[in-house]
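Just so it is clear: in the sequence shown, position 132 is 132 by this note's numbering, and no numbers are missing.
None of these hints come from the bench; they were simulated from the model. As the structure is a prediction and not an experimental result, all values here were calculated from the model. Heads up, the beta-carbon is just placed ideally off N, CA and C, and yes, glycines get one too. Only true hints are included.
Now the in silico label distances, taken between C-beta atoms and shown as ranges: (1) L218 <-> L85: 39 to 47 Å; (2) T130 <-> R252: 27 to 35 Å; (3) V76 <-> V108: 21 to 29 Å; (4) R66 <-> G110: 25 to 33 Å; (5) Q280 <-> V76: 50 to 58 Å; (6) R114 <-> L85: 29 to 37 Å; (7) V141 <-> T222: 44 to 52 Å; (8) S34 <-> L112: 25 to 33 Å; (9) G35 <-> D67: 35 to 43 Å; (10) G107 <-> V141: 23 to 31 Å.
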Amino acid sequence: MPLLLAVLLGLVQGLTEFIPISSTAHMTLYGHLSGLLDPMHPEQWTATIAVVQLGTLLAVLAYFARDIGSITGAVVRETIVERKLPHRQSAMARMGWLVALGSLPIGVIGLLLRRVIEGSATKDPLLIATLLAVVAVVMLVAERRCAVRSLESLTVVDALVIGFAQALALLPGASRSGTTISAGLLLGVERSAAARFSFLLSIPALLASGVLELISALRILTQQQLWMLAIATLIAALSGYASIAFLLSYLRSHRLHGFAYYRLVLAGVIIALVWGGWLQ
1 MPLLLAVLLG LVQGLTEFIP ISSTAHMTLY GHLSGLLDPM HPEQWTATIA
51 VVQLGTLLAV LAYFARDIGS ITGAVVRETI VERKLPHRQS AMARMGWLVA
101 LGSLPIGVIG LLLRRVIEGS ATKDPLLIAT LLAVVAVVML VAERRCAVRS
151 LESLTVVDAL VIGFAQALAL LPGASRSGTT ISAGLLLGVE RSAAARFSFL
201 LSIPALLASG VLELISALRI LTQQQLWMLA IATLIAALSG YASIAFLLSY
251 LRSHRLHGFA YYRLVLAGVI IALVWGGWLQ
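All chains should be modelled from the sequences, with the hints used to inform the complete structure.
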C-alpha cells in the first residue's frame, strides 16, 4: 500500500467513524475505487478496516478519558470494595454496566455471522446504497421524536435496544453512530446524551474487532504493509478525535437532517456509478 493511500485510508476512517454517514460504507467504496479491495479476498479488506479502527478507538479513549476513568473506578469500587449490587450502585457505575450489557448483541452476532460479514456480499455497492438510504429515513423519523431524557435515565432495556441497533452496523452502510443515536432518540434520549452513549458503547466493539484482526494481520502481512497500516491507524486516531469533537459540538444545536440528506445523495451517487459501470 503506497503512503498516500495509507494516509487517505486513515483520514476516511477517522473522519467518518463517529459521524453518522457510515465509515464502513466510505471505507468499502474507497477500497473499490483505489483498488485496495481485492474482490477475490474480501476478508482482507474487512480485517484492514478493523485494524485501522483501533485508531478511532484511541480517539474515543483519549476524548473520554475522564469519563472512562470515573466509570471504571466507580464500577470497581462499588462492586468489589463496597459489594453493592448493580441496581444499588451510583449512576456512574451503572453506566459501566449498561455499556457492557449494550455491547453483548454486537459481540454475539459478530461472532456468529463473522464469515458472512467478511464475505463479498457485504461489499456489494447496491447493498451499501440501500442501507445508506434506509438508515437515513430512520434518522429523519427519529428526529421527529420529542427526546428529553438524560444519560442517567437509561435503563437495561434501553441499553439492549441501542446495543442491537449497534449490531446493525456490522453491515456497511448502516453506520454504528447513525443506528445507535437514532435508537436513543426513538427511546426519548436527548440528542447529545444519545451521542455520548453511542461513543462509549463503541469502545468494547472497536477493541474486540480490532485486536482480533490485528493478531491475524501480524501473521500474514509484510513489515512494509504493517508500517503502512500503522500510519493509517495513527491518522485515523487524530482525525477521529477531531470528528468526535465536531459531532458533539454540532449536535448541541443541530439535528441529524444534514447527515441524513448526505446519505441519500451518496446512495444515489453509488447507484448511478453501478448502473454506469464505473463501480462493481
